[in-house]
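Taken in sequence, the protein lines are chains A and B.
The first sequence begins at -3 in this note's numbering and counts up one residue at a time.
The second sequence begins at -3 in this note's numbering and counts up one residue at a time.
Just so you know, not all the hints are guaranteed correct.
[What the hints assert, rightly or not] Just so you have them, the derived chain B footprint on chain A, three or more residues with Cβ under 8 Å:
#: 1; segment: 30 to 42
#: 2; segment: 58 to 72
#: 3; segment: 108 to 120
Rather than coming from a laboratory, the hints here were simulated on the basis of the structure.
Note that CB positions come from ideal geometry on N, CA and C, so glycine has one too.
There are 2 protein chains.
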Amino acid sequence: MAPRIAFEDFVAGQVETYGAYPVTRQEVIDYASEFDPQPFHLDDEAGRASLLGGLAASGWHSCAILMRLNCDHFITDSTSMGGPGIDEMKWLKPVFPGDILSVRREILDARPSASKPDRGIVRFRFELINQTGEVVLVQINPILFGRRAAGATQGAAHV
Amino acid sequence: MAPRIAFEDFVAGQVETYGAYPVTRQEVIDYASEFDPQPFHLDDEAGRASLLGGLAASGWHSCAILMRLNCDHFITDSTSMGGPGIDEMKWLKPVFPGDILSVRREILDARPSASKPDRGIVRFRFELINQTGEVVLVQINPILFGRRAAGATQGAAHV
């Protein structure tokens, strides 16, 4: 099945909000055990003694959750060719077990590739937001998308 | 047991290389299934048809692997208080199953906090490197560390 969303569908200034990702205690500990085994991501006591104020998710786990929410909302049904990197990322607040996370997506700009006519570059500003409305993470990054007319190939922008 | 490595141990200009993380096919698929289910991270055929040239790891998975290598080499045995964000990150090459990843760490600068005497800020440039010497990811980011003399508290820099 051909992807539904292509470069042409992204318009500068568009804002959308979506998602409701429940963060579980087990998931926080499992992720940290595998990738970021600092005490405040693994243990209640160490979390309380830290500046986080309690056992909290790895910042990389928060990024992964944002990616999953983006995939579910639009990326896996799009002509995404991947992204070359991250322009800016800030972890603003801790993410705790029990939090429910959603996304605010703003399109900063969208321009056709100067060198490759089959694709365009969309630059997003994503906020990951908890159930009390606090922005826990902000991320600005470009993603390449195939253009509808060009019948672009899917694939990440590593080359 | 008190952490061994503190702010005072990081000196601008220091370069270290470390780690040997074998990337398995199952891990690539498991991570992507949970957090980044784009076809080229899940399926050989879709990977080959993409710009990646084959089934390849999510870029967020690469970041997580870098974090794990950093934890094992120095962070979990340090006075790390976490990091406020990422200044720059580029995914330069795909990461494939079978790759063995290592890290080159350069210390860009290290300065005591102007406002909080118990901590300092170290800015790193990390390269994640595959077994053929290709840099697959580069990341520049600050991490806060407690100062030895001050007997700093562990915890992330969210406040």
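Status of the hints after comparison with the structure:
| no. | hint | verdict |
| --- | --- | --- |
| 1 | 30 to 42 | holds (count 8) |
| 2 | 58 to 72 | holds (count 8) |
| 3 | 108 to 120 | violated (count 0) |
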